[in-house]
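Novice: Going line by line, the protein sequences match chains A and B. Quick note on the working numbering: the first sequence kicks off at 1 and runs consecutively. Quick note on the working numbering: the second sequence kicks off at 1 and runs consecutively.
Please keep in mind that the hints were generated in silico from the structure rather than gathered at the bench. Since this is a predicted model, take the numbers as computed values, not measurements. Check the hints yourself; a few may be wrong.
Unchecked claim - Residues from chain A shown here face chain B by an in silico Cβ test under 8 Å; the list is partial:
| id | residue |
| --- | --- |
| 1 | 16 |
| 2 | 42 |
| 3 | 45 |
| 4 | 56 |
| 5 | 60 |
| 6 | 86 |
| 7 | 90 |
| 8 | 101 |
| 9 | 106 |
| 10 | 110 |
No residue lacks a Cβ here, since even glycine has one placed at the ideal position from N, Cα and C.
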Amino acid sequence: ETGVTQSPTHLIKTRGQQVTLRCSSQSGHNTVSWYQQALGQGPQFIFQYYREEENGRGNFPPRFSGLQFPNYSSELNVNALELDDSALYLCASSFTGGYGYTFGSGTRLTVV
Amino acid sequence: AQSVSQHNHHVILSEAASLELGCNYSYGGTVNLFWYVQYPGQHLQLLLKYFSGDPLVKGIKGFEAEFIKSKFSFNLRKPSVQWSDTAEYFCAVNGIYMEYGNKLVFGAGTILRVKS
């Protein structure tokens, strides 16, 4: 079984720029969630996608947006980057109706 | 809002010592509970999970956790730690009727360092 893969692994962006992070779900999973893990903190839920639509969102501003594609892969887009957006971004896939999650290794985003 | 509290942010133990990491959550409904481990430079890995049934759950690598509903707790234990257990440990919860049911709420994590 394939796991969850995320790209890129590391990224450096300048404040005000836009960034796109990518995630390929585990085979058989139809739901993808994104989490932000700031240094020294636990992962915080950003949003979740099911059937290509957002069906849950945490306390993040609208400049955080996402997409889910028919093959269940996903993108996280962040506009107007701020220094506080520097974090590890985790993607997790799951199957709706079940409660198993598979996490990717994450993308380390640094905003300078 | 739902929250998860982990009692210690840093724990240092010698090899063969016993481990107990505390986790409490705030959510009054039916919950699923998880412990994840993150080894340095690696992704989050599931140690164990509780959905229902026996409140004493056994996971991988000799870890176990006990769900005490009356105390809203799900503490992680291991009788004898090894140097290779050095990692960060996260407790997480989601609720059957929690808003966005598949959403995981994580604690802040506990960094465990095992001295050889």
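Novice: Decide, hint by hint, whether the structure agrees.
Specialist: Quick rundown of the hints versus the structure:
Look at residue 16/A: its Cβ only gets to about 29 Å from chain B, farther than 8 Å, so that hint breaks. Given the 8 Å rule on beta carbons, the hint for residue 42/A holds: about 3 Å separates it from the nearest Cβ of chain B. With its C-beta approaching chain B no nearer than about 5 Å, residue 45/A sits inside the 8 Å limit, and its interface hint holds. The beta carbon of residue 56/A is positioned within 8 Å of a beta carbon in chain B (closest approach about 3 Å), and the interface hint is therefore held.
Below 8 Å, beta-carbon pairs count as interface contacts, and residue 60/A has none with chain B, the closest being about 12 Å; its hint is therefore violated. Against a cut-off of 8 Å between C-beta atoms, the interface hint on residue 86/A is violated, since the closest Cβ of chain B lies about 18 Å away. Restraint check, residue 90/A versus chain B: the minimum CB separation of about 7 Å is within 8 Å; hint holds. About 7 Å separates the beta-carbon of residue 101/A from the nearest beta-carbon of chain B, less than 8 Å, and the hint is met.
The restraint placing residue 106/A at the interface with chain B holds, with a minimum CB-CB distance near 7 Å, inside the 8 Å limit. At a threshold of 8 Å, the smallest CB-CB gap from residue 110/A to chain B is about 16 Å, leaving the interface hint violated.
In summary, the numbered hints that this structure violates are 1, 5, 6, 10.
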